[in-house]
Structure formats: structure tokens, C-alpha cells
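Participant: Residue strings, one per chain:
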Amino acid sequence: SQQGEEDPQALSIQEGENATMNCSYKTSINNLQWYRQNSGRGLVHLILIRSNEREKHSGRLRVTLDTSKKSSSLLITASRAADTASYFCATDAGDTGRRALTFGSGTRLQVQP
Amino acid sequence: EPEVTQTPSHQVTQMGQEVILRCVPISNHLYFYWYRQILGQKVEFLVSFYNNEISEKSEIFDDQFSVERPDGSNFTLKIRSTKLEDSAMYFCASRDRAQPQHFGDGTRLSIL
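Quick note, the sequences are listed as chains A and B, same order.
Quick note: the first sequence uses the working numbering, first residue 49, plus one each step.
Quick note: the second sequence uses the working numbering, first residue 68, plus one each step.
Read the hints as simulated data drawn from the structure, not as lab findings.
Incorrect hints may have been included.
Among chain A residues calculated to face chain B with C-beta under 10 Å, some are [claimed, not checked]:
#1 GLY90
#2 LEU109
#3 LEU123
#4 ASP140
#5 GLN160
In this text, a Cβ means the ideal position worked out from N, Cα and C, and glycines have one as well.
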């Protein structure tokens with residue numbers, strides 16, 4: 049798979065349920081980030097996890113990182129209709145001076161009220 | 068909360084024309100980026116800019132493209148001799164010394 053591939057591509061759940069999205073990548077990384085994109089809008093940063101971290105929480109978000117498997121997951125608990133958006137993982141490969149992000153193809157989350 | 072602003076929100080241009088996409092990064096940020104997202108595809112890195120020069124560019128960023136920071140607040144992307152395949156959302160991003168990058172809402176570029 050390409051750097052930063054998410055699965056599933058699309059996810060539809062009921063309000064109140066949890067949503068889990070996964071991301072796999074190929075190269076070694078400095079950190080991995082998750083962004084949300086509402087339709088027609090820009091990317092909103094959600095959470096960053098460094099390569100030496102295994103889990104991170106922010107409100108209803110929980111991110112895990114397994115560098116041995118080159119994978120990450122984003123869990124949104126107690127989902128709301130307002131969580132409906134596309135979610136992207138993005139890797140920072142950490143090359144000196146680079147810091148450009150490599151994005152995955154995203155997961156489209158639909159939360160039904 | 069400070070934000071990255073991009074203008075225009077939508078630009079329609081005839082093929083072969085030049086376009087300039089404008090961005091105002093967050094004021095104390097030092098690193099600037101352009102990305103693009105072709106409809107239905109991934110967000111792709113174009114170029115990064117630091118200390119008044121390009122620090123990294125992708126294969127997409129060929130001689131057709133240029134960036135400039137003409138003053139202390141604006142950061143522009145110029146596309147010369149536009150092609151149909153340049154149609155995309157173009158996102159500007161900025162950050163300070165630490166991550167994360169903060170993105171603008173993008174400019175939708177439509178080439179006719």
C-alpha cells in the first residue's frame with residue numbers, strides 16, 4: 049500500500065456509536081497526524097502522535113501508533129452527527145528540513161442521527 | 068484563534084492563462100506550504116518554503132509553478148500556462164517551529 053493508506057474507505061454508523069479508522073504507512077516516521085476535512089473545507093488538525101508514543105487521547109479521540117507494524121488507528125467515541133467528515137492520516141517522515149506531510153486517501157465517516 | 072486565509076475561494080481560468088493563488092499564513096509562523104487535492108484524490112505536497120526560499124518541492128512542482136513571499140504577510144502560488152489537469156483544490160499551510168501545520172480552507176481552481 050502507499051504511504052498513509054486508511055481503511056475503511058467509508059464508514060457509516062449511528063450517533064452514539066464508536067468509529068475506528070486505521071492507517072498504514074511504509075517508511076519510518078517522525079510523527080503521525082490525523083486531520084478532519086468537512087466537505088469543501090480545509091483540513092483541521094486533530095491530533096499528533098510522535099514515533100516514540102504508543103497512545104494518545106484528546107477529548108473523544110484516541111490514537112494508537114504501532115511503529116513495528118507501521119500502523120495507526122483513530123477511535124472516535126460516542127460519535128455525533130457533527131463528526132461526519134473525511135478523516136486523513138498524515139505522516140511526517142522527519143527528513144531534515146522537510147516536514148512536508150504525506151497524506152493518505154482518507155476515510156469518509158457518516159454519522160447518522 | 069488565528070487562522071490561515073486563502074483567496075479567492077474559487078478561481079475559474081481559461082487554459083493557458085496564468086493564475087496567482089494567495090495565502091496569508093498565521094502571523095508568527097515561519098514555515099509555509101502548498102498542497103493540492105484533485106477531486107476525489109489524496110492531498111499532495113507541492114512545495115515548502117522557509118527563510119525566503121524553497122526548502123523542498125515535489126515532482127509535481129515543475130517549472131510551471133513558482134512561489135513567493137512578496138511581503139511580510141502574503142505567500143503566493145503562481146501557475147503559468149494552466150492546463151486542464153491543474154484543476155484542483157489548492158491548500159496553503161503554515162506552522163511555527165513545532166508541528167502541526169495549520170491549513171486554510173483552500174482555493175478551488177477550475178481550468179476551462
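Participant: Please go over all the hints and tell whether each is borne out by the structure.
Facilitator: Quick rundown of the hints versus the structure:
{"no.": "1", "hint": "GLY90", "in the structure": "4 Å, holds"}
{"no.": "2", "hint": "LEU109", "in the structure": "14 Å, violated"}
{"no.": "3", "hint": "LEU123", "in the structure": "19 Å, violated"}
{"no.": "4", "hint": "ASP140", "in the structure": "7 Å, holds"}
{"no.": "5", "hint": "GLN160", "in the structure": "23 Å, violated"}
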